[in-house]
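Enquirer: If you read the sequences in order, they're chains A and B.
Numbering-wise, the first sequence is residues 2 to 245 according to my numbering.
Numbering-wise, the second sequence is residues 214 to 625 according to my numbering.
Please note that a few of the clues may not be correct.
Stated by the list, open to error - Pairwise CB distance ranges, derived in the manner of DEER restraints:
id, chain 1, residue 1, chain 2, residue 2, range
1, B, Lys-619, A, Lys-212, 20 to 26 Å
2, B, Tyr-559, A, Ile-178, 55 to 61 Å
3, B, Asn-573, A, Glu-242, 37 to 43 Å
4, B, Thr-624, A, Gly-148, 27 to 33 Å
5, A, Asp-134, B, Asn-285, 29 to 35 Å
6, A, Val-56, B, Lys-619, 33 to 39 Å
7, B, Ile-286, A, Gly-53, 51 to 57 Å
8, A, Glu-112, B, Glu-611, 25 to 31 Å
What the hints assert, rightly or not - Chain B side only, calculated, beta carbon under 8 Å to chain A, not exhaustive:
id, residue
9, Tyr-581
10, Met-583
11, Leu-587
12, Ser-588
13, Gly-599
14, Asn-602
Said to hold, decoys possible - No more than 20 Å apart at the CA atoms, straight line, and that leaves these computed lysine to any residue pairs for SDA-like:
id, chain 1, residue 1, chain 2, residue 2
15, B, Lys-593, A, Ser-227
16, B, Lys-594, A, Pro-91
17, B, Lys-594, A, Glu-89
18, A, Lys-15, A, Ile-224
Just so you know, the hints here were simulated from the structure itself, not pulled from any lab data.
In this text, all values refer to a predicted model and were calculated from it rather than measured experimentally.
Glycine residues also receive a C-beta, built at the ideal position from the N, C-alpha and C atoms.
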Amino acid sequence: MLSIESLKAKIEEKEILKGLNLNINPGEVHAIMGPNGSGKSTLSNILSGKKGYEVNGKVTFEGENLLELETEERAHKGIFLAFQYPLEIPGVNTNTFLKTSINAIKKARGEKELDAIEFLKLIKQKSAELKFDEKILSRQLNVGFSGGEKKKNEILQMSILNPKLSILDETDSGLDIDALRIVSEGVNSLRNKENSFLIITHYQRLLDYIKPDFVHVLKNGQIIKSGDYELAKELEKVGYEDFN
Amino acid sequence: MENNIKLNFESYLNEKNFTSSQKEIKEINFDNFIKNGFPNRRIEDWKFSDLKKIITNNFENIDFSKKEAQLNIDENLIGDLEHNKITFINGAISNIDFSYENEDKIIVEQNLNLENELSKNTLLNLNTAFVSNYTKILVKKGYQFKKPLVLFNYLSHDLSNSGLNTRLDINLEDEASLNIINISNENLNNNFLNFRQKINIGKNSILKNYSLDINETSNIKYSFKDINLEKNSHLEYFILSKGSKFAKHDINCSLNDEYGSVVINGIIDLNDKKHHEIKTIINHNEENCKSYQLIKSVLNDGAKGVYQGKIYVNSKAQKTDGYQLSRALLLSNEVEFNAKPELEIYADDVKCSHGSTSGNIDENSIFYLMSRGLSYAQSKKLLTNGFLNEVIEKITNEDVKLLVKKLTGITE
Chain A
2 MLSIESLKAK IEEKEILKGL NLNINPGEVH AIMGPNGSGK STLSNILSGK KGYEVNGKVT
62 FEGENLLELE TEERAHKGIF LAFQYPLEIP GVNTNTFLKT SINAIKKARG EKELDAIEFL
122 KLIKQKSAEL KFDEKILSRQ LNVGFSGGEK KKNEILQMSI LNPKLSILDE TDSGLDIDAL
182 RIVSEGVNSL RNKENSFLII THYQRLLDYI KPDFVHVLKN GQIIKSGDYE LAKELEKVGY
242 EDFN
Chain B
214 MENNIKLNFE SYLNEKNFTS SQKEIKEINF DNFIKNGFPN RRIEDWKFSD LKKIITNNFE
274 NIDFSKKEAQ LNIDENLIGD LEHNKITFIN GAISNIDFSY ENEDKIIVEQ NLNLENELSK
334 NTLLNLNTAF VSNYTKILVK KGYQFKKPLV LFNYLSHDLS NSGLNTRLDI NLEDEASLNI
394 INISNENLNN NFLNFRQKIN IGKNSILKNY SLDINETSNI KYSFKDINLE KNSHLEYFIL
454 SKGSKFAKHD INCSLNDEYG SVVINGIIDL NDKKHHEIKT IINHNEENCK SYQLIKSVLN
514 DGAKGVYQGK IYVNSKAQKT DGYQLSRALL LSNEVEFNAK PELEIYADDV KCSHGSTSGN
574 IDENSIFYLM SRGLSYAQSK KLLTNGFLNE VIEKITNEDV KLLVKKLTGI TE
C-alpha cells in the first residue's frame, strides 16, 4: 500500500530524514518509535503533504507517486494524519467543518455527498462509539478543547473519514489512561484487512493498547532496527540513548 | 469642480424658500466648505484616507443639485424580517412607515430648521449647506420598539456623479429602546454620499444600530454620527463595511453620565482596491462607564483598511473600563492596513487597553484543513469566515444576526 524508498528531507538546509525505507501492506499496523528530533513528525508531515520541505526519494501509495499529490488529494486517496497538536480554528463550528471535510472527500471520489440528516446520523453513531460528547461538536473547532478532547476529536475525524492509511503522530502524548483507552479502542475498531496504520510514538504505553504488527526504531533520520512488538519492550528497558 | 458646486448651491438656495437666517447658516457653512474643500491627508483625521485625492480620482464633477426619482422598491434587501422603515430615494426621504408601532409614542419632524453651528469638519459644512429634508425622530419615554427600524437607502439607476447630503437625527427619551438597520441597495454608478446623524440615548435606554454596506458599488460614502449617552444607557453599534468603493464611518460617542456603555463591533471585508475606514472616538466623561470595540478586517486584491480608535477619559471619569482590539488578515501582498489606537487618560482609577494585530493567514491551519480533504480555496474561505464570524456572533439581536449571516454567507 505504502512504499518508501530512501526518503531524504531537508528543512532550511538541515537534513532531517537521511534515507528512510519502509513498506506498509494493507491491514498492517506499524509503529515508529524514536527520540525527540529523530524525524518522526517530519515523516508524518511529508506523507500528508506539508509544504516547506526539500524532499528526495520515492514514495508510492497504492502505486501512485505520493510526492506529486497535493495535501487534499492525499486525503481524497485515503491518507489521514492525526495531528500531534490539532489546530484551533476560531469561528468555525466543528460540525460544519466535519461535514465540509467528508463531503469534499466524497465529491473527489465521485460518491454522493451526505445531506444534513445522513451526516447527523453518522456523527451520532461515531460519537457514541467513541464515547465522545456530541455537544462539543457544536463548539468552535478545537477552541477551548482540553488536550484529551482535541485528540479524541482527531480520532473521531479519522473514524468518520475511514481512511486507508492513518498516521497517528504522538496521539498518546498528553492523554490520561481513560482517554488513551478510548483513543485506542477507536483505532482498534477501524482495524481490518484493508486499513493500515502508522503509529508514531515515544512510548511503549500506547502499543499496549494497540498491538502493532511491526515496530521500527527511528534514530538520526533513519530506521535503524525493525522487529515485532518485543522490540518496543526492549526499547522501553534500554532507552533510546543506548539503543544501537 | 468648485464652480459647478457653487452654481448648484446658488440655484438650490433660490429654489427653496429658506428664511434669511436659515439661508445665512447654509451660506456660512458653504463658504467654509469652499474655503477648505474636501479633507486631505494633511488633516490628522484623514491621514490614512485622502478624500480630496479620492474625489479627484473618481469624479470630474459632482452634481449637488437635487434628483427627484420614483423607484420600484425592492423589499428583498432584507428578506422576510418584519420591520418599520424610512426610505431614502436619492438622498431624500420618500416614505416613513411605523406600522408595527404605537405611533402615538413616536414623533417625526421633517423639514426642520438647522441650528447655527459651524463645525471644523468640512463634510459637515457641506451637509448643512445642502441637506434639504432635515428629519428628527423622537421616541417617547418608556417606549420600546417592537420591530427594527430599517433605513433603506435607494439610488435610482440613472443617478451618477451626484452628491447627496442627508440627515436624520434620533432622540430616545428615557427607558426607550430601538433597533436600527441601515442598508443600501445596489447601484453601480459613481456617487458621493454624505450621511449625518445626531443621536441621543436617554436614561436607561438602549439603541442598537446595525450598518450594513454589502452590495458592490462604486460609490464614495461618508457617514458621521454624534452619539450622546445618558445615565445607564447602552449603545450596540455594528458595522459591516464591504460593498462601497470608498467608505468612512466616523463615530463619536460621549458617555455623559454614569453607568453608560458602548459596544462597537466592526467588519471591514474588502477586495478589488476598495478603501474603507472606521474611525471612532469614545469620550468617557463620567464615572463607571464601559466601552468595548472589536474591529476585524480581511483585505484582498490591493484593498486598504483603516481603523482609528480613540478612547478619551476625562479626569472625572474614574472606574472607566475601556477596551479596543483591531485584528486584520492580509490575504495578498499589495494590501494595506493602518491602525491608529489612541488612549488619552486623565483619571487615575481606570482600566483601558488596546491592541492591534495584522498578519497573513496561518499556513499551519490551512494545512490542517487541507489534510482533511478541503482545497486551498475552501480552507482559506473557512478560515476567513471563521475570523469574521466571531464579530457577527456578537450581534445581540438574533433576527439581525441571521440576516447578516444570510447576506454575507458567513456562518459558523
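Enquirer: Does each hint fit the structure? Answer for all of them.
Expert: Verification of the hints:
no.	hint	result
1	B:Lys-619 - A:Lys-212: 20 to 26 Å	violated, 52 Å
2	B:Tyr-559 - A:Ile-178: 55 to 61 Å	holds, 58 Å
3	B:Asn-573 - A:Glu-242: 37 to 43 Å	holds, 41 Å
4	B:Thr-624 - A:Gly-148: 27 to 33 Å	holds, 28 Å
5	A:Asp-134 - B:Asn-285: 29 to 35 Å	violated, 52 Å
6	A:Val-56 - B:Lys-619: 33 to 39 Å	violated, 45 Å
7	B:Ile-286 - A:Gly-53: 51 to 57 Å	holds, 54 Å
8	A:Glu-112 - B:Glu-611: 25 to 31 Å	violated, 37 Å
9	Tyr-581	holds, 4 Å
10	Met-583	holds, 4 Å
11	Leu-587	holds, 5 Å
12	Ser-588	holds, 5 Å
13	Gly-599	holds, 3 Å
14	Asn-602	holds, 4 Å
15	B:Lys-593 - A:Ser-227	violated, 41 Å
16	B:Lys-594 - A:Pro-91	holds, 13 Å
17	B:Lys-594 - A:Glu-89	holds, 16 Å
18	A:Lys-15 - A:Ile-224	holds, 18 Å
Hints 1, 5, 6, 8, 15 from the earlier list are contradicted by this structure; the remaining hints agree with it.
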